[in-house]
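K.L.:
Chain by chain, the residues run as shown.
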Amino acid sequence: MIVFQGVSKIYPNGVKALQGVNLHISPGEFVFIVGPTGAGKSTLLRMIYRDEVPTRGKVFVGSQDVTRLPSRQIPYLRRRIGVVFQDFKLLPHKTAWENVAFALHVTGAPEEEIPRRVGRALAVVGLLDKALSFPHQLSGGEQQRVSIARALVHEPPILLADEPTGNLDPATSWEIIQLLAAINRRGTTVVVTTHNKIIVDMLRKRVVELSEGMVVRDQQHGLYAQEG
Amino acid sequence: MIVFQGVSKIYPNGVKALQGVNLHISPGEFVFIVGPTGAGKSTLLRMIYRDEVPTRGKVFVGSQDVTRLPSRQIPYLRRRIGVVFQDFKLLPHKTAWENVAFALHVTGAPEEEIPRRVGRALAVVGLLDKALSFPHQLSGGEQQRVSIARALVHEPPILLADEPTGNLDPATSWEIIQLLAAINRRGTTVVVTTHNKIIVDMLRKRVVELSEGMVVRDQQHGLYAQEG
Amino acid sequence: MRKKARHLWRTFWYFCQEAWLGLLRNGMMSVAAVLTGMVALLILGSSLLLQANLAYLADIVESQVEIVAYLRDGTDARERTSLLRRVERIPHVREVRFVSKEVALARLQESFKNRVVLRDLLDTNPLPDSLEITVHDPARIPEVVQEVRRVPGVEEVTYGRQVIDRLLALTRTVRFTSALGVALFAGVAMVIIVNTIHLTILARRQEIEIMKLVGATNWFIRWPFLLEGLLEGFLAAIPVIAFLSLAYIVGVYRLATVIPFLPLLEPPAILPRVALVLVTTGAGMGIGGSLISLHRFFHPKEPRARDPLGRPRRKPIHPLGRLRVR
Amino acid sequence: MRKKARHLWRTFWYFCQEAWLGLLRNGMMSVAAVLTGMVALLILGSSLLLQANLAYLADIVESQVEIVAYLRDGTDARERTSLLRRVERIPHVREVRFVSKEVALARLQESFKNRVVLRDLLDTNPLPDSLEITVHDPARIPEVVQEVRRVPGVEEVTYGRQVIDRLLALTRTVRFTSALGVALFAGVAMVIIVNTIHLTILARRQEIEIMKLVGATNWFIRWPFLLEGLLEGFLAAIPVIAFLSLAYIVGVYRLATVIPFLPLLEPPAILPRVALVLVTTGAGMGIGGSLISLHRFFHPKEPRARDPLGRPRRKPIHPLGRLRVR
Ligand SMILES: Nc1ncnc2c1ncn2[C@@H]1O[C@H](COP(=O)(O)OP(=O)(O)OP(=O)(O)O)[C@@H](O)[C@H]1O
Ligand SMILES: Nc1ncnc2c1ncn2[C@@H]1O[C@H](COP(=O)(O)OP(=O)(O)OP(=O)(O)O)[C@@H](O)[C@H]1O
Ligand SMILES: [Mg+2]
Ligand SMILES: [Mg+2]
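Chains as they are written, first to last, in the working numbering: chain A, 3 to 230; chain B, 3 to 230; chain C, -10 to 315; chain D, -10 to 315.
Treat each hint with caution, since some may be false.
[Unchecked claim] With a straight-line cut-off of 30 Å between C-alpha atoms, the simulated DSSO-like cross-links for lysine-lysine are:
#, chain 1, residue 1, chain 2, residue 2
1, A, Lys207, B, Lys18
2, B, Lys96, D, Lys(-8)
3, D, Lys90, B, Lys96
4, B, Lys132, A, Lys91
5, B, Lys18, A, Lys96
6, B, Lys18, A, Lys132
7, A, Lys91, B, Lys96
These are calculated hints, taken from the structure and not from any lab test.
It should be emphasised that the depicted structure is a prediction, and the values quoted were computed from it without experimental measurement.
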């Protein structure tokens, strides 16, 4: 469960990125966040994994108010939230397997559990056969799958994706969104920001539209743009 | 005039980015380069402004073989080619005006000519009224216009754009492409790589499709994907 | 429990490897940090050795401070006795000992051990008879000296105060100038370490960003850098300790043969202490440098919100690339 | 033409501003570079002064090398004449001069000017009569000395060779140890400068990338960094020159009053030369550091195409962020 209660964010330079946002995302939902550039979509996601704190308002993840989280607790919050980026953020010298395992190593997961968990995450994204490839040996879509596997390896209840298809061609984009939908069907809450009209219009999931930091539309089975 | 003669590019890691590409772009043309990720689109553009040299083959810009260009000459080649990037590449501490003027300063343009030339470039992109704004005070589309103005300030005969709309919403993307088309109508050769199906299909300009480093389609008034 | 220990050990081992890699990656810069650190520690170590010995010398001299009254040549036994009585009656005097010229020569001979045989060199004994006077309170020495001077038959009076004062002044000078040198070079070494670590952090920026994103704790991220600084500190301290120990042992041996009566601290009495100080200082420099660097990286200064011309400006990307993920 | 000059001047001014900004941006690191550079130049400068004076001393001594034969006490005038004849007949001897004990004393008195009056101190003249013998070829001195020793009436023979040899050996030692010190600290200073400039380059990476993209020439991009290094070199050299000049002038003055017959180079004769060497070395260190740094940045090493396990790997992003635009 993700809840925004009257959240505003004013950056130190005076930019009002979010203004009085109220939002309730239930466990297991699939939500698109859309809106023009600078509408505050990325800012909204960053609040969830505590990369930014709101200037006003509260953000709950589960029953926890993340705006009040002591900074020592942030890593544990992040292990419950998988994040996928537009630019993949893979380490170029590590294989797909190592890139996923890295997320477990650095959180101090027990060594003997790692192979099983990495294997499962790669299986979910359908990349077990490319486990030993380096990023440059993978197509853009495959690289994005690796980064999704990494986001999933802690088996988080929540998956956030900030423009995961911005650098991909239409076919590959579609493939990635299908994957996110499949992950969602297994019970994971998925929040995706995107500019990709075609995809939003095809999927007809819940759409939250931001404009100048405000929620201007929150629609079940919505389209990229307001109908009519 | 841009000519590729049997150009192949194999990166030091063995990746074959381009294979036997032949291409002829006449002065004043507008060309879309499309293709899946990793097809070699960016590599192709980089050859034109000599950021990469082909492993085999020749690349002509005007009547000059840029693969044979001594490195002292590269800056002068680049002053004849404007380049626009997906991520704008603007300096955050400089105003729109200063960002454009910077390109003249660092190429040693005569001080007294700079205001006139910067003014003209900003006028072309329709941003004279925002000349004193900093990048963060501009929308994504406006920032991309500044970077186009900077690419135009040397009044180059050629303008290259590598996914100039990748981070923009559909409305803004359309606006940028319209601008590029307008610049093209004034006589500048424009080459644009993109994944944006909607835009390519609307404009119906020449489309060159790459796949695995090879030109698989070169079509006047083409669509994003092969018809039929 | 055993599993937990193995896990901790593996993690520690991972940190060490990362630290070592960081050190190698920065190559020349690490060498510069270690070399400058060595200069700082070398100054610190030699000054500590010098100071300790000067203090030891001053101590010994002070404990032995006594007034020596040289007697006029040819004083006979009776004169001598009355003289002794008179001196003994002077206030504050604790003890008076008579040292005949023969005893004085024998003592001098003893201090040369057998390297020089004085009797072969000297036909006559040039030393005078003397009285050695101790007092209850060293502060009273000047008064007593005044009195002793007035006793007939006393030719000259000396006492060790000046020597001590000069020794103490010398110790102060050594301490001051060396502190200056140590501070200078330790400062430079720290600055270099700060920047070495900074370069390591920059080189791993991407990795660190991902680590933070996937939920690694801050300390997990920091440890390798702290160890890298620590390692540089140790690498500076160890050769300095080895060099100074050797030099001190050889030096003490040589000096003892040349100036036999100079009291010097035995190597085992001073070297372990100096080594400890050097290792601690080296480690402190290293860890301090790392901490400063880590602090600068994890808590970059908020840039001014306006540019030099007073126009508002965007929160800039930190010039050395701060992480966007906090 | 005038316009062109103004344009050049503006460009140069722009470079200087950028260099200065770079220096400030790196704050502590620049200070470290300058301080270490100062240590290197201080060692270099003092060693140059010492060497020049030792060489000067050796020169003077060498030009004056002559054999002095001290005569047995109480040689009378006739013996003296025959003695002189005999010595004159020894091969290679050019000239023989007789110096009476009175003349010797007068000469000694003269070297003290009027600060010490020898006649007041000495009851008798302790100096012997002597012969001063010059030879045609300094290399023959040992042979001649052998011969002179055999002449009856000659008590002792000395000559300056040993002094010169010792002076030259000393000069060599000074040169060697100081070269070591200079090399060490200049090396460290260079490494720090390399990395200071590197940090500046990194901080401006974005700007440099754009400059290259819009067609700035490489030299236009490089100049500010070269100037930054040069500035660091100058900032190290200038205080060292000031300090050494002052110290030398005062030192020469003091030494001249204490050891009046010691030949020392006059400050105006040596200081300009040393200052020139120091400025050149400082500038060299600075520019050298910048060039290395620029070279590393503009021509990053091609990474190995395979990773440690022999698997092919992607051309990695240079750890310190190489530019993609060439
Ligand atoms: N760290 C920051 N400091 C200051 N202002 C910021 C910062 N990050 C974002 N902003 C500003 O806040 C506003 C919202 O930014 P945000 O990145 O959330 O928009 P977005 O909807 O994700 O846009 P896009 O579609 O371009 O990614 C913008 O005006 C942006 O310039
Ligand atoms: N500097 C490089 N070193 C090694 N391989 C590279 C380099 N740059 C690109 N490649 C590889 O060359 C191939 C073509 O890359 P290029 O960037 O030209 O593709 P693209 O068509 O622009 O893809 P995208 O749509 O994702 O931008 C890819 O497989 C890529 O991994
Ligand atoms: Mg965004
Ligand atoms: Mg590309």
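K.L.:
Next, verify each hint and record whether it holds.
P.N.:
Quick rundown of the hints versus the structure:
1. A:Lys207 <-> B:Lys18: violated (40 Å)
2. B:Lys96 <-> D:Lys(-8): Holds, at about 27 Å.
3. D:Lys90 <-> B:Lys96: Status violated; Cα separation ~89 Å.
4. B:Lys132 <-> A:Lys91: violated (34 Å)
5. B:Lys18 <-> A:Lys96: At roughly 21 Å apart (the allowed maximum being 30 Å), Lys96 of chain A and Lys18 of chain B satisfy the hint.
6. B:Lys18 <-> A:Lys132: holds (19 Å)
7. A:Lys91 <-> B:Lys96: holds (29 Å)
Consistency with the previously given hints fails for numbers 1, 3 and 4, ordered from lowest to highest.
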